[in-house]
Every structure is written in C-alpha cells, then in structure tokens.
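S.K.: All chains, full assembly: derive it from the sequences and hints.
Here is how the chains run, residue by residue.
Protein chains: 2
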Amino acid sequence: MYYKDYSREQRDAALSQLWKDLDRFKAQGLALNMARGVPSPDQLSLSLGILNVLYAEADCRAEDGTDCRNYGVMDGIPECKRLLADMLRVKPDMVMIGGNSSLNMMFDTIACFMNHPVTPGCPAWALVPDRKFLCPVPGYDRHFGITEYFGFEMIPVPMDENGPKMDVVEELVKDPSVKGMWCVPKYSNPTGVTYSDEVVRRIAALQPAAPDFRVMWDDAYCIHDLTDEPDQLLNIFEECEKTGNLDLPIAFCSTSKITFPGSGVAAMAACENNMKVIKAKYKYQTIGYDKLNMLRHVRFFGDLDGMKAHMKKHAEVLRPRFEIVLKKLSEQLDEYGIVRYNHPRGGYFVSVNVVDGTAKRVVELCKESGVILTDAGATYPYGKDPYDSNIRIAPSFPSLEDLSTAMDVFCLCARIAALEKLNEA
Amino acid sequence: MYYKDYSREQRDAALSQLWKDLDRFKAQGLALNMARGVPSPDQLSLSLGILNVLYAEADCRAEDGTDCRNYGVMDGIPECKRLLADMLRVKPDMVMIGGNSSLNMMFDTIACFMNHPVTPGCPAWALVPDRKFLCPVPGYDRHFGITEYFGFEMIPVPMDENGPKMDVVEELVKDPSVKGMWCVPKYSNPTGVTYSDEVVRRIAALQPAAPDFRVMWDDAYCIHDLTDEPDQLLNIFEECEKTGNLDLPIAFCSTSKITFPGSGVAAMAACENNMKVIKAKYKYQTIGYDKLNMLRHVRFFGDLDGMKAHMKKHAEVLRPRFEIVLKKLSEQLDEYGIVRYNHPRGGYFVSVNVVDGTAKRVVELCKESGVILTDAGATYPYGKDPYDSNIRIAPSFPSLEDLSTAMDVFCLCARIAALEKLNEA
Numbered sequence: 014m015y016y017k018d019y020s021r022e023q024r025d026a027a028l029s030q031l032w033k034d035l036d037r038f039k040a041q042g043l044a045l046n047m048a049r050g051v052p053s054p055d056q057l058s059l060s061l062g063i064l065n066v067l068y069a070e071a072d073c074r075a076e077d078g079t080d081c082r083n084y085g086v087m088d089g090i091p092e093c094k095r096l097l098a099d100m101l102r103v104k105p106d107m108v109m110i111g112g113n114s115s116l117n118m119m120f121d122t123i124a125c126f127m128n129h130p131v132t133p134g135c136p137a138w139a140l141v142p143d144r145k146f147l148c149p150v151p152g153y154d155r156h157f158g159i160t161e162y163f164g165f166e167m168i169p170v171p172m173d174e175n176g177p178k179m180d181v182v183e184e185l186v187k188d189p190s191v192k193g194m195w196c197v198p199k200y201s202n203p204t205g206v207t208y209s210d211e212v213v214r215r216i217a218a219l220q221p222a223a224p225d226f227r228v229m230w231d232d233a234y235c236i237h238d239l240t241d242e243p244d245q246l247l248n249i250f251e252e253c254e255k256t257g258n259l260d261l262p263i264a265f266c267s268t269s270k271i272t273f274p275g276s277g278v279a280a281m282a283a284c285e286n287n288m289k290v291i292k293a294k295y296k297y298q299t300i301g302y303d304k305l306n307m308l309r310h311v312r313f314f315g316d317l318d319g320m321k322a323h324m325k326k327h328a329e330v331l332r333p334r335f336e337i338v339l340k341k342l343s344e345q346l347d348e349y350g351i352v353r354y355n356h357p358r359g360g361y362f363v364s365v366n367v368v369d370g371t372a373k374r375v376v377e378l379c380k381e382s383g384v385i386l387t388d389a390g391a392t393y394p395y396g397k398d399p400y401d402s403n404i405r406i407a408p409s410f411p412s413l414e415d416l417s418t419a420m421d422v423f424c425l426c427a428r429i430a431a432l433e434k435l436n437e438a
Numbered sequence: 014m015y016y017k018d019y020s021r022e023q024r025d026a027a028l029s030q031l032w033k034d035l036d037r038f039k040a041q042g043l044a045l046n047m048a049r050g051v052p053s054p055d056q057l058s059l060s061l062g063i064l065n066v067l068y069a070e071a072d073c074r075a076e077d078g079t080d081c082r083n084y085g086v087m088d089g090i091p092e093c094k095r096l097l098a099d100m101l102r103v104k105p106d107m108v109m110i111g112g113n114s115s116l117n118m119m120f121d122t123i124a125c126f127m128n129h130p131v132t133p134g135c136p137a138w139a140l141v142p143d144r145k146f147l148c149p150v151p152g153y154d155r156h157f158g159i160t161e162y163f164g165f166e167m168i169p170v171p172m173d174e175n176g177p178k179m180d181v182v183e184e185l186v187k188d189p190s191v192k193g194m195w196c197v198p199k200y201s202n203p204t205g206v207t208y209s210d211e212v213v214r215r216i217a218a219l220q221p222a223a224p225d226f227r228v229m230w231d232d233a234y235c236i237h238d239l240t241d242e243p244d245q246l247l248n249i250f251e252e253c254e255k256t257g258n259l260d261l262p263i264a265f266c267s268t269s270k271i272t273f274p275g276s277g278v279a280a281m282a283a284c285e286n287n288m289k290v291i292k293a294k295y296k297y298q299t300i301g302y303d304k305l306n307m308l309r310h311v312r313f314f315g316d317l318d319g320m321k322a323h324m325k326k327h328a329e330v331l332r333p334r335f336e337i338v339l340k341k342l343s344e345q346l347d348e349y350g351i352v353r354y355n356h357p358r359g360g361y362f363v364s365v366n367v368v369d370g371t372a373k374r375v376v377e378l379c380k381e382s383g384v385i386l387t388d389a390g391a392t393y394p395y396g397k398d399p400y401d402s403n404i405r406i407a408p409s410f411p412s413l414e415d416l417s418t419a420m421d422v423f424c425l426c427a428r429i430a431a432l433e434k435l436n437e438a
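Residue numbers (my numbering), protein chains in the order written: chain P, 14 to 438; chain X, 14 to 438.
You may find that some hints are simply not true.
A pair counts as met if it fits within one copy or between any two copies, since identical chains are not told apart.
Result set (DSS-like, lysine-lysine): computed pairs, CA atoms no more than 27 Å apart in a straight line [as the list claims (entries may be wrong)]:
(1) Lys341 to Lys326
(2) Lys373 to Lys434
(3) Lys397 to Lys294
(4) Lys341 to Lys33
(5) Lys294 to Lys434
(6) Lys39 to Lys104
(7) Lys380 to Lys296
(8) Lys187 to Lys255
(9) Lys104 to Lys292
(10) Lys340 to Lys373
(11) Lys296 to Lys397
(12) Lys33 to Lys340
(13) Lys341 to Lys325
(14) Lys326 to Lys17
(15) Lys17 to Lys289
(16) Lys104 to Lys294
(17) Lys397 to Lys292
(18) Lys340 to Lys17
(19) Lys289 to Lys397
(20) Lys373 to Lys296
(21) Lys373 to Lys397
Note that these hints are calculated values from the structure, not bench results.
M.R.: Pasting the structure below:
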C-alpha cells in the first residue's frame, strides 16, 4: 500500500518501527560513501599493467619518432590523437590531447572564451555582464561550478527520458546573452539518460541568437556501458555537419574511468574555427602535455577495440553494484509509492527522486547513520533543487557488502522522510 | 685586431674568406638546432629508472594512505608537496602541485587574476584596459607570450649583471596599472644572471601603487647548477616576510629539466592570501593532478638531497657543452671585438650580444647554413630587440660534435654580419 493511503495511525506505527530499524544500523558505527562516481579498487586493479608498459628509451618513441620524454608536440602524439578521436567518433585532426582531466579542459575552454572571443566580432564573455548558460537538470555539479565561477547566470532546463526538453532550449537560445549549454549526452550524470536521436538533431539544428553560443558536449561515458545492449548516441558532429552548424559543439572525453582517474588522458574535439581559437590559447598555456602518459595508454590498449574490451571488465565489476541498488530500491521502496528512479544502461549513477521536499532530509538522515551521499541539491545549479527531491547515488566505490548495507540505510531513511512529510501535511 | 680598426680592404678580404669558409659548411647540408633549452637524450636517460618505480597496488599509496590511482587531493600528495617545497625553500603548506608544466601554472595564474581579483577590492585585470607588466630584458619569450596573450602592455626593464635595474623598476611601479613583473631570479633565461642580494631585497621592499601587483618568481633553475660553486639566491619569501610584503611573490618550479620535460611535476608557492584566490580557482578547474607521477618523483629521488645528486649528473653532461660554446666564442670572436657574452654557472643558455643591428642577420645566416638558433628578438617583448643584438644560444641538445660544428658556423656568421655592418657605415 502506498504511504499516501496510510492512516495517521499506520504512519506513526510504521515510523516507530523504522526508527528502531535505523537505530540498529546507527549502532554499527558505519562509514560508507556513495557520494562520488569513483571507481573501486577492483576496477583500478584492471589497469595496473599500464604502469609497466614503458621501460627503455626505445619504448618512449612515438610512431613518428618523437622522444616522448622531451618537450614539444602541443596537441598530442598522433597515435593518442587517433585513439581518443575514435572514442569521440571524430577525425584525429579535430582532436587536442590535454592533461589528466577533461574537466580541466572544459574549465580552460570557458576561461579562454571569457577573454578571447570564440567568434570573431563577438565580445569576450567577460564583457557580457548578463551572460547566461543553459544547465539541463538534474546535471553534473562540477559543470555548474565552472559556469558559476565565471559569473554566468545558470538557467535550468528540465531533462526527460530523451534528454533536455528541446522546446525549452529552443526558446531560451533566442536570448543573445545565452552563451552555451552543458550536455552529458550519453548516460547523463546523474539520470543515466542518453539523448534521443530527435534531441541530438534538434541540438544540431539550433539557431541561437548568440553567434558565439557553444554546446559543451561532455562525452564522459561514451564507452562506459554496463550491458551488452548499450545505448546508441547520434554523432553530434555528423548531425551538425548536415545542418551547417559545425561551430556549435565542443566535445570532451577522458580515460579517467577507463584507466586511472588521477592519471588518465583527456581530450577535446572541435571544428577548425573553434580549434583555432582554442589552440591559439594552448600555444601560450603549455609546451605540451604528458606524452609518456599518452604513449602508456596507446601501448596498453592498442586501439579502440582494446579499450572496449577493457570496458567490459569494468562493466563486470560495476554491474552487480548497480543491480544491488536497483534491487534494494525495488524491494524496499516500490510498494510505498515514494520514489522514482532510472535503470541506467551505463555511466556511474542511479538518480533517485524521493518525495518532494525530503531529499535534504534523506541525505541528512543517511549521514547521521554513517552513509554519505552526494549533497541534496548538488545536481542543480547553485545547489538548489526546487523540488528538494533528487538524490544521486554513486554505487561504484563501496564493496558489494557495504553497498548492500548502505542501500538498506538509504531505503529506511527515504521511508522515514516520506512519512514525516505526510505527517506534516 | 678589432674589426672596427680594419681598413675597407682588410674587411673585404676577410669577408671573402669567411664566405668561402661558410660555403664549405653549407655544402655539408647541416641540420643542427640550438634554439630551445631542451635536454639531450643523454640527460633524459639519467631518469629512465623513474618509469619503473611503480608496479603494484601497494606502490600507488601515498604516505597518508591515499590511493594515487584514484580521484582527489587537489593540491598534491604530502610527500610531493614536501619535496617541491624544499626545492622552492618554502613550507609545504604554501605549495600547490600542478600538472607537468610550471609554464601552465603561470598562465593559469595570470588567467585567474584576469577575471578574479587577487586583492579584494581591486578590479579584475580584464577590467583594467591599460594594464601593464614589467619584463626584464633579455628574458624568456614564453613569459612575454603569456602577458601579450592577455593584453598587457609589456614594459622592458634592462638587466645588468645583478638582475633587473631596480631604479627603473621602483619608478615604474608607481603606475597603478602596472600589475606585475616577470623574474627568473637564478641563472636567468637567457643571461644566466642570478639576482644579487640587493636586487632581491629591493624587490621585497617594493611599494607598488597597485595593491594587486605581483612578482612572478619563476625559479626554473633553482637547483640547475653547472659547477660546484653555485650562485646563491636570497630567499624571496624570507625577505618579503621581513618587509611585510608577503603578498608580493608567487614562485614556480618544476622537474621538467630534472626528470622528463614532457612528464615532470610542476609546483607553485605563495602566501595564504594569494593561495586562497588561486585555490578557489583550482577547486573548479580540477579534481586533482596526476598523483601517480607525483609519487614516481618522490620514489625516484627520496628527498631534495637525492634530487641534487641527480642534478650533478645533469651538470656532467651539460658542462662540456657550455665549455665548447664559450671556448669557440673566445677563440674565434674575442679578437675581433664584436661580441659580449656571459659565463653562466647554471641554467640552460649562453646569451650573446653581437654587433648592434646584426642579430637578425646572424640568425638568418646560420639558418641558411643549417644551424637553427632562437629567433633574434625572441628574448624581448613582442619579439623586438631595440638593438637587434641579443642571441640566445641553447647548447644542451646537440651532441658535442654537432655543437662544435654549429658554433663554428655561428662564429663565421657573427663575423660576416659584423663586417657587412661595418661596410654599411
């Protein structure tokens, strides 16, 4: 029976029992963490071999003879550009290889356009006092952090099962002070949604009032499938080529969740016009990123097929964790009608909507019981979820046993908060 | 006899012979490069062992237990902060570890202050249309590139054997639109000068009109001694502490010329006030830099003593190269009174002043003969050497034999250009 159909007495009785159950967990002094999309040690161990692929001077030569130990090669060695271009489904000459973090490249891209216009004739973004950025919600807190840091007003755009609501986006881009949009198009953080073909086509067909409007296409989970039937995402560059809108997307990816999050290789891809402005910056910013680490990755994987085979091993470690989360939610919460959640086929998160007005309370109750979740609201600009409903669960890091316990706690807390809320009404 | 004392006939005869000598080199089809301060393969091989210091999961733990393969630790693992703090002669809590390039950290620092004031109440630098930066000359072209990219007017400050002329600096900082100054305080690029105690003390005592004036203290060659009697540089932070000017310096260093230029570790150091603004940026820019590479460096060196022992091996490879350059200059040019040059005790360059108005010609003649030098003028802002006199020689990369040949060519070209110039007069 749904909680909303409970009588006051039934609710009180249920609450009383739930508190007792939660107290038993509290007594265990738990210290469990489902806050961030962080690979588990089991996943990291899959890549240990990469530490040992370079030994001697001969190992340090790129295919074009470059000694990767030395200075130079601003945009990355050819074989690494090819590998990450294949990941992003673009041509290698559209790719620039960066350091260890695609987030860093996104930050640097926005930072670049703040002072150096991406479109000739447009003012630099720092000179647009009412600059705005579109933020599909729920979304990735670190994206929102970057645009907040650079003084953009962030406009939330609701997501549905197909991606951002394009009617809303098409309306908002009529404002010339709207300069861009964050997208995680495949296995979106946190909803797990992959943008539908229609959504990708409508993004490619956008006619923003601002000529310097850019789509930050964070393809963070491009090969991060959990099942053998991965979601299919249209190629944004191909679609933009058809619409004559090739200036629109700037794509990003990294091997952070493929090899080591601290020591992966990041890349970005964009058309010639955009790359010209971006490389004019990199020319001053660096002599070149870590070519030995690029080489390590190419030696370890060989090619994209090698990388995809490696991702299957990750999936084998991750899948049981997602199964536990979904099983616990289904078994312990479905019957009460108090949650909605997705069944992602990839990525790193399960996005749960609890009863409106209770997300903060659930996170707080979990914390008191020794289970750390992502802060409620973190998936919205300025940390403000207008419904106080969305909670991002990151099941990757804990052991299966810990995860199982943490989810028991989560389900208890979600029930308590829901009943408390009903009692308020 | 000095060329200036030659008769016209003597000059013509000398020129005729010099062209014949140069033609013999041209016929060899040389392809030699003394353009950049790039370590030679012999130097790189000194660090090959660093590739193999991490093998197993246990190797990847920092001293505080952090799994360096995973996300996190924004400002660097403790043992690496300690190592690079020792290099910079500061406390570890003043240090932030970055990626593979201190140049990247300098760029990011200027970029930060462009949009986020380093001093509360001051306008961001992007909002100061007539912003200026002091550039001791001759200096490092990549420094000048950064301030040019960000739209600073660059004011050259002459260097002498003690460092930048402080009378000039003290006058210039009275202008509130002068926001900073580039410094390579030890074995300065390219002059090899180490700032005298008086110069360091006068920098520490500066009272700039702009409260947000900052000294970019690029300690690139802090332990890069060529001899057993290294230059001694006062500690800028200690001096600034005495003068109550601790906000002034921001220091940078890296292991680029210690291990591998493409794959070293960079660091910056600053007081709490500055670091607060800088870290408020890094918080959004990255989750953390490559901790495995930090760990590699600590494992490979142990501590600063280990690093200094390693630098002695570099010096053994480098010293004969500097000796060749100085010997050739002395033997082939001194008698004609057409060059001035330094005798550096560290760093990567020999700075040569040829006859005024001939530097471009010398570089061009060398290029036609298969010897690539740093572009004439590169050591000045906007690439403009007002005297067209300074040439930076980078002897580190070529083999001893190649270097010897390249210097023969250089000396011939310097003589030809000098005689041509005299014939013009």
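S.K.: State the violated hints by number, sorted upward, taking the hints as numbered earlier in the document.
M.R.: 5, 6, 14 and 15
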